[in-house]
Amino acid sequence: MKFIFYIFFFFLSAKVHAYVNFIGHGYTSCLNCHYNPSGGGPINDYGRVVAATLISSGALYPDNVTEEQVANASGFLFRKPKQNFFRTQINYRGFQLVRDPGGDTETKRWINMQADARAILKLGENDKFVAVLNYGYSPLPQGEKIDGVKNQTEWRSREHYIGYRATPKFGVYAGLMDKVFGLKTIEHTAYSRTFPQMTQNDQTHGLMGHYLADKWEFFGQYFVGNLSQEDQLRQKGFSGMAERTIFDTHRIGASVSQSKNEFLQLLSYSAHTKLNLKEGSAVLAEVGQTSRSTENGANENVGRFALLQTYLRPVRGLYVLSNIEYNKEDTKRSDYTVRWGPGVQYFPIQKLEVRFDIYNIRNFAPDTSTKDNWYYLVQTHIWL
Amino acid sequence: MKLVCLALFTLLVGCQDLNSNSSDREKYGPTSLIGSDNFREAYPILVKRCGNCHTSNIHAAWASYQNEQTWIDLNKIVPSDSRNSQIIIRTINTGGNNANMPQGGSAIPDQEYETLIRWIDNL
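Protein chains in written order, with numbering that gives the first Met the number 0: chain A, 0 to 383; chain B, 0 to 122.
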């Protein structure tokens with residue numbers, strides 16, 4: 000029986016991501032678990048152990064498996080690292096998308112969302128120097144090749160940067176990274192990510208400074224776009240974010256980002272909060288707006304977005320979610336859109352996540368009545 | 000050896016470059032439209048109402064379809080038959096079961112919607 004268990008465990012090994020809602024476990028700063036202080040990307044050794052012992056359910060382990068044994072198995076291929084300077088991770092995310100479920104036009108599609116390999120070189124005491132590489136699969140839009148777009152491969156680097164922490168409080172990072180702005184939620188199609196162009200493919204080359212004080216955390220980033228892209232299309236500019244811990248366990252923050260390329264200028268602001276409801280439960284909220292100004296005068300507008308997410312953790316490993324989003328594409332118009340829905344996120348064992356989300360999209364306009372859109376996702380997230 | 004590895008990491012550049020800005024030239028830059036006068040009126044509407052999602056980052060880059068014939072070749076429209084054209088069938092304005100576009104967005108304003116229909120029906 001134990002043999003079967005360990006074989007099962009071997010083939011379904013995974014690494015758990017840390018998410019913004021883990022403020023519910025008392026982690027106000029992403030730097031606790033991530034090499035990138037703004038979150039996302041590979042997690043460090045501490046993050047692995049937390050994910051294995053705090054985030055994941057222990058229900059499937061035999062009774063004689065201790066937390067220490069689980070922690071020791073949190074490394075790559077379930078092994079405790081024998082050296083301290085190199086780490087590697089493999090990551091896969093796929094989901095079944097079902098649109099108009101039960102309706103006349105129901106469609107189902109499996110999407111291989113992500114398949115990454117990650118390598119981290121870390122040197123010096125307390126990982127003073129890090130070099131991170133995150134390279135993997137990125138599906139082309141619905142399998143179509145786009146005329147005129149170079150590099151139509153389905154492989155990309157999502158991160159490659161070096162970092163130096165001069166002190167535990169201050170670090171600088173240079174290379175390809177996500178832009179720093181707002182809540183880095185896992186839902187990359189959230190309006191709060193798409194409006195200001197902070198989606199999963201919007202990484203940029205640049206220089207980021209990070210300062211972590213007792214109750215404050217600051218990010219400043221200058222970026223020049225993704226150097227793989229032709230120069231005229233690259234958004235170049237800066238972004239900044241400041242967060243403050245309040246009442247010891249919650250965070251409030253504000254972000255600004257300004258950038259432009261030859262055709263489009265963007266100016267985005269947002270304010271957000273992360274509330275710790277204790278025992279792993281949390282509330283996330285963000286409001287913001289993005290102003291667009293274009294070279295040809297088309298699509299000049301100011302759009303607004305808002306996000307409210309609750310994560311309730313009834314038992315270890317299980318999170319019950321609710322998500323409400325607001326989107327007003329143009330403040331000069333009266334119509335707006337609300338997307339909402341519940342979800343369930345379960346980490347049955349370390350390195351494995353399954354998630355189920357339902358979404359409803361409703362449009363509100365004074366002169367038009369339209370049908371709601373419904374869809375659901377069943378997602379699997381596995382790492383070695 | 001460690002330093003060599005460090006240097007190698009910093010020299011690597013990503014390959015695919017699709018992102019939110021991949022279609023900015025087509026959407027916001029000068030256009031070279033080839034087609035009827037009605038197409039020249041319809042194209043900005045398609046870019047404005049559909050182009051934010053139909054980019055190379057998420058779906059096919061509609062802003063790059065600056066030749067009227069492309070819309071026909073890709074079966075997005077049926078000449079002279081707006082009722083059976085996908086971009087009309089799929090838009091929320093039709094109220095049909097398959098109508099859910101612009102997804103996450105509001106219905107296309109009536110005047111703009113009529114422009115699209117006029118374009119297709121006059122082909």
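Errors might be hidden in some of the hints.
Claimed, not checked - Straight-line Cα separation of at most 27 Å, DSSO-like style, residue types lysine-lysine; simulated pairs: (1) A:214 with A:259; (2) A:183 with A:259; (3) A:235 with A:277; (4) A:127 with A:79; (5) A:277 with A:331; (6) B:47 with A:121; (7) A:107 with A:79; (8) A:183 with B:75; (9) B:75 with B:47; (10) A:235 with B:75; (11) B:75 with A:370; (12) A:107 with A:277; (13) A:183 with A:81; (14) A:121 with B:75; (15) A:331 with A:259; (16) A:277 with A:214; (17) A:168 with A:277; (18) A:259 with B:75.
Treat the hints as calculated values from the structure; they're not laboratory data.
| query | Any of the earlier hints contradicted here, and which numbers? | reply | Violated hints: 1, 3, 5, 6, 7, 8, 10, 12, 13, 14 and 18; rest satisfied.
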